[in-house]
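The lines below spell out each chain.
There are 2 protein chains.
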Amino acid sequence: MMTKERCVREPGLDPARPRNAAATRSAILDAARRRFVTESYDDVGMRDVAGDVGVDAALVSRYFGSKEELFLEVLGGCGDISHITESERGTFGERIAEELVDGPVNQSKLAALLIMVRSASAGRSGELVRRYVQEHFYGPFCAWIGGPDATVRCTLASALMIGTALSRDLNASMNIDDDQRAVLRRRLAATLQALIDD
Amino acid sequence: MMTKERCVREPGLDPARPRNAAATRSAILDAARRRFVTESYDDVGMRDVAGDVGVDAALVSRYFGSKEELFLEVLGGCGDISHITESERGTFGERIAEELVDGPVNQSKLAALLIMVRSASAGRSGELVRRYVQEHFYGPFCAWIGGPDATVRCTLASALMIGTALSRDLNASMNIDDDQRAVLRRRLAATLQALIDD
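In order, the protein sequence lines correspond to chains U and L. Note that this note's numbering has the first sequence beginning at 1, numbered continuously upward. Note that this note's numbering has the second sequence beginning at 1, numbered continuously upward.
If you're looking for bench data, these hints aren't it; they were derived computationally from the structure. Since this is a predicted model, take the numbers as computed values, not measurements. Be aware that one or more of the hints could be misleading.
The list cannot tell twin chains apart, which means a pair is met if one copy fits it or any two copies do.
List of simulated lysine to any residue pairs, SDA-like, C-alpha gap at most 25 angstroms [to be verified]:
#1 K67 to E88
#2 K67 to G147
#3 K67 to I84
#4 K67 to A22
#5 K67 to R25
#6 K109 to I176
#7 K67 to G146
#8 K67 to A172
#9 K109 to P148
#10 K67 to D169
#11 K109 to E39
#12 K109 to D179
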């Protein structure tokens, strides 16, 4: 039998308690993210994810539904683009460059991005990913850019953002001194802004 | 017992025969690439790779040495950058844009790139990857660019190249008509060229 204290240390085993439910949900999501990053979509089982957290597979289904729904929830960790589309257009390049060069690395965002690029070419997960990013990213971003060649502008600005995010760990050169870091931020900002404006 | 005919259909089981040796080597490399794309470095065993090809693990070691060496060989599938550094600087943007937008998707190159971005943050494989790309990519590319802010230019041009390569499958918008495709190629070329020149 669980005491309340034990429940606080190993949260989420009782979904009736809201605080624990939220903690369990979050633990399941973290475990799923780790699985989807290291294994292919087809190889990940709901039971594996449940096992990682120490809960029953039925609980994972109760919280997230099917594996597809759990997968989409993990992709959602990439965030939406409201921070782009609800802000001033003239500062787009500056804001994104600051986030990409100086912002803290958001691990769940990076993991979702990795899962996306990795799954995009593969069967069922590829379909899910392409539909997801079209709806949540490329579609609204392209509409926000607007004007002639919006699709091309959107494609290039997105590619530069994705490539910069993904090469932060890869490129040891990004461990540069503060002066060069400022140059990098300025040039990235100018390039991104030009890609949507010029 | 194997007949010579069987050896041709299932090549490489006898490393003494050069043609078969090459085919086996290539089959092992393909299997390793598939493993490293879908599983984390730590999870891939030489025995798994050998099993995929139907050869003995000792044969894999004989061809490639250790797991580290096999991994580096897979990364080598990303190609070197001699096609950049041995060509005319003034056509850099144009050449890369054509390859990235209209060139055939090179699966082993794409797989190596995926493995790199995915492994860059993780333990031993992260070290191997960062050292590898520094030696074979960022280092020579940066030296070729030269001049002030070469590191920054190299970082941004690389990020745009990586992001474009990785979003080809992800971004359904890249299935555009020929006119927009030409616009994409032109804008990408101009942006890449400006990143190394201006």
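How would you classify K67 and D169 at a CA-CA limit of 25 angstroms: within, between, both, or neither? between (29 angstroms within a copy, 22 angstroms between copies)
Is it within, between, both, or neither for K67 and G146, if the alpha carbons may be no more than 25 angstroms apart? Result: close neither inside a copy nor across copies, 35 angstroms intra and 49 angstroms inter.
Within, between, both or neither, where K67 and I84 count as close if Cα-Cα is 25 angstroms or less: neither (30 angstroms within a copy, 43 angstroms between copies)
One pair to classify: K109 and P148, alpha carbons no more than 25 angstroms apart. Within, between, both, or neither? neither (30 angstroms within a copy, 33 angstroms between copies)
Between the shortest in-copy and the shortest cross-copy C-alpha distance, which are at most 25 angstroms for K109 and E39: within, between, both, or neither? both (17 angstroms within a copy, 20 angstroms between copies)
Within, between, both or neither: K67, A172 at alpha-carbon 25 angstroms: Answer is between: at 23 angstroms across copies they meet the 25 angstroms cutoff, but 36 angstroms inside does not.
Since the copies are identical, ignore which copy is meant and state whether K109 and D179 lie within 25 angstroms (CA to CA) inside a copy, between copies, both or neither. For K109 and D179, the Cα distance exceeds 25 angstroms both inside one copy (27 angstroms) and across copies (34 angstroms).
Check K67 against E88 for me: Cα-Cα at most 25 angstroms, and say if that holds within a copy, between copies, both or neither. neither (38 angstroms within a copy, 50 angstroms between copies)
Please work out whether the CA atoms of K67 and R25 approach to 25 angstroms or closer within one copy, between two copies, in both situations, or in neither? within (14 angstroms within a copy, 37 angstroms between copies)
Go through the copies and call it for K67 and A22: within, between, both or neither, with a Cα cutoff of 25 angstroms. Intra 19 angstroms, inter 41 angstroms, cutoff 25 angstroms: intra-copy only.
Status of I176 relative to K109 across identical chains (alpha carbons, at most 25 angstroms): within (23 angstroms within a copy, 28 angstroms between copies)
Which holds for K67 with G147 at a C-alpha limit of 25 angstroms: within a copy, between copies, both or neither? neither (39 angstroms within a copy, 51 angstroms between copies)
The structure fails to meet hints 1, 2, 3, 7, 9 and 12 from the earlier list, while all remaining hints are met.
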